[in-house]
Amino acid sequence: MQQPESNKPSVSRLELFLTFSRITLSSFGGALFWARLGLVERQRWLSEREFAELLTLGQLLPGPNVLNLTVLVGYRFAGWSGAAAAVSGYLIWPFLVVIGMGMAYQHYGALPQVRQALAGMSTVAAGLLLATVIKLAMVLPRRWRPWIFGAFAFAGIGLLRWPLLWVIGALAPCAVFMAWRARD
Amino acid sequence: MDRVDLGALFLHFLALWCVAVGGPSAILPDIHRYVVEVNHLLTNREFAEIYTLAQVAPGPNVMYVTLIGWHLAGWAGAAATTVPLLVPATTLTLLVGHLNERYPNAAIFRAVRSGLMPITIGLMFASATILMRTVNHDWRGYLISLLTAAVVLGRPWNPLWLLGAGALAGVLGFV
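Residue numbers (our numbering), protein chains in the order written: chain A, 29 to 212; chain B, 4 to 178.
These aren't lab readings, by the way, just hints derived from the structure by calculation. The model shown is predicted, which means the values in this text are computed figures rather than measured ones. Glycine included, each C-beta is placed from N, C-alpha and C at the ideal position. Hints are supplied without guarantee of correctness; some may be wrong.
Output of the computed footprint for chain B on chain A, the stretches with three or more beta carbons under 8 Å from beta carbons of chain B [said to hold, decoys possible]: (1) 94 to 106; (2) 124 to 136.
Below, simulated SDA-like cross-link-like pairs (lysine to any residue); rule was C-alpha separation at most 25 Å, straight line [claimed, not checked]: (3) A:K163 x B:R136; (4) A:K163 x B:L146; (5) A:K36 x A:F79; (6) A:K163 x B:W160; (7) A:K163 x B:P159; (8) A:K36 x B:H101; (9) A:K163 x B:R158; (10) A:K163 x B:A114; (11) A:K163 x B:V59; (12) A:K36 x B:R105; (13) A:K163 x B:F112; (14) A:K36 x B:A109; (15) A:K36 x B:T94; (16) A:K36 x B:Y106; (17) A:K36 x B:F112; (18) A:K36 x B:L98; (19) A:K36 x B:L97; (20) A:K163 x B:G167; (21) A:K163 x B:R113; (22) A:K36 x B:N108; (23) A:K163 x B:A168; (24) A:K163 x B:P61; (25) A:K163 x B:L163; (26) A:K163 x B:L98; (27) A:K163 x B:I133; (28) A:K163 x B:H43; (29) A:K163 x B:T137; (30) A:K163 x B:L149; (31) A:K163 x B:L156; (32) A:K163 x B:N161; (33) A:K163 x B:Y145; (34) A:K36 x B:N103; (35) A:K163 x B:A153; (36) A:K36 x B:L95; (37) A:K163 x B:V22.
Isolated chain B, as found in the complex (with noise of 0.2 Å):
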């Protein structure tokens, strides 16, 4: 493995942070093309595994940043990825929460609101076909993907249990 330059994908991460309006759905594709496409950091296959296995925990999917910092560079390499993620997010949120308390109704607020609404729709959509290119290699892993979100559109079911079938499908050779 390359040495990695902590520094450097620490600044990185923190400015993606600073912009990350959709979160980290809406950050992947640029985390993505930072560590695989630009730093040859990870391969595709290390990386969608990296982000399968932080969906499988238990807590918020954005911990897949946490893991490829741990992937890098142990847990000086965890720290400089999940740092990022805290500080703008918990600083202007307390900021804008403590406004928005105050003035619910400012033209502001709705203008943001509505304004940047469809933009954060349009980066997770891209999120979702980058990340479907990524894992899926042939016609049989994009029907998985369609189907599941077929099922997750059409039924209520506990999403645990798609995810184990497709685990299933995976060790039967499916996909």
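This is chain A alone, in the form it adopts within the complex (with noise of 0.2 Å):
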């Protein structure tokens, strides 16, 4: 019925930057959640279903999930000027911020009560992240092979303290070659 690639709306590289800007700065606590609100309802550049292929393909892909979601935007409506642009906007405010909170941690962060608060979310961040993970693991399909290369892979960084480099340069060609015969 609908189709969506016909009703791309224009999106100049400004709006790009700007939007991407109040994403990021309004990213606490993780920046997915932002990102689909700016995207698919306040601007509506994208449909669910295009945000969610969008997310899937910058997932997959090295880098910051979020961060190669921008980069697909601001690509898909003004070209690589538009990605530029999107990213610019995405990333120029937070390094800035980040840098800010160093300093000021710089000038307070021996203050004990600062310490025992930052220890204190360290632990609820370790939390949120877990339960980030628990949220993915639901969408593996309910068949050994994935759960194997999940485990292998949990195995070497999280137990035996191999370096990343070696653990995903042995398993991610075989996973692949393997989902390749599977065709699944």
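From these two lone chains plus the hints, build me the complex, please.
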């Protein structure tokens, strides 16, 4: 019925820069929620499905998934320079803010209360990451092969503490080849 | 603080981001290994606090790499750890994004999709457990981390409230 490709809105580089600035500056505790809100609900640049497709691709590529999504959205609407505009908006403000916080930390970080508060927040932040992983694992198919590869990756990095480059280098080609053979 | 070899730092981060399928959480263990365990540039505690500062700041959580660089060597350090984050991700994403829009159902995209997804999830699980071991010193810390995960999975609350509660628990000396 619908032809999402044909009603692709026209978006300027300035709009890309401003929209991704707004997304990134509201992103407390993870950028994904705010990216969907901004792109799908507020600006209506992407349908839910288009957003999910671009995010999946961004997740599979090396690098932060929402940064890759930013590149894909910028490129889709305004080519190379659109991608540059979107990425600038997305990264420039957090870069400055995080360094500002680093400066404040150097001045006040030694205060015992600040250290204690940060310790408590670190503990919560670890729990947030754990919850995110559990949510993601729900999408894995209920077959042995994906879970074996997931367990190997966890054991190599989390238990044996091998370097990431070795673990990925050994596992990734096997995993892609087996998925290719299985055609699933 | 030891003198920091910015060139080596830059190259190591660049190599990491080239294989960082799964994003910043997936390479967290290796950054920790490189910065804390191998080169002793930061202590465990400094690493955990820098990571948390970046989590609390608005923007992507990945900005902890910027803060590590800045902490080690000021603006030059921040550039040395932030630029590697950008270069492989943007170039490869542009290339694959371009191809993907042309051939959305190609077998290679499907094989990569289903093959790499579980590895990504395994790496992120490793990150979560290593982070928990890094920041928690006794059972109370683990209890708070696990409670947080349970609440996030069961309730649609804003995570900022949980971070605030964690800060309070820390100030009260519970952690």
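Now the hints, each set against the structure:
no., hint, result
1, 94 to 106, "holds (count 7)"
2, 124 to 136, "holds (count 6)"
3, A:K163 x B:R136, "21 Å, holds"
4, A:K163 x B:L146, "19 Å, holds"
5, A:K36 x A:F79, "13 Å, holds"
6, A:K163 x B:W160, "15 Å, holds"
7, A:K163 x B:P159, "13 Å, holds"
8, A:K36 x B:H101, "16 Å, holds"
9, A:K163 x B:R158, "13 Å, holds"
10, A:K163 x B:A114, "22 Å, holds"
11, A:K163 x B:V59, "21 Å, holds"
12, A:K36 x B:R105, "16 Å, holds"
13, A:K163 x B:F112, "23 Å, holds"
14, A:K36 x B:A109, "23 Å, holds"
15, A:K36 x B:T94, "24 Å, holds"
16, A:K36 x B:Y106, "19 Å, holds"
17, A:K36 x B:F112, "24 Å, holds"
18, A:K36 x B:L98, "21 Å, holds"
19, A:K36 x B:L97, "19 Å, holds"
20, A:K163 x B:G167, "23 Å, holds"
21, A:K163 x B:R113, "22 Å, holds"
22, A:K36 x B:N108, "21 Å, holds"
23, A:K163 x B:A168, "22 Å, holds"
24, A:K163 x B:P61, "23 Å, holds"
25, A:K163 x B:L163, "19 Å, holds"
26, A:K163 x B:L98, "29 Å, violated"
27, A:K163 x B:I133, "18 Å, holds"
28, A:K163 x B:H43, "34 Å, violated"
29, A:K163 x B:T137, "22 Å, holds"
30, A:K163 x B:L149, "14 Å, holds"
31, A:K163 x B:L156, "8 Å, holds"
32, A:K163 x B:N161, "16 Å, holds"
33, A:K163 x B:Y145, "19 Å, holds"
34, A:K36 x B:N103, "17 Å, holds"
35, A:K163 x B:A153, "11 Å, holds"
36, A:K36 x B:L95, "24 Å, holds"
37, A:K163 x B:V22, "23 Å, holds"
Hint compliance for this structure: hints 26, 28 are not met, and every other hint is.
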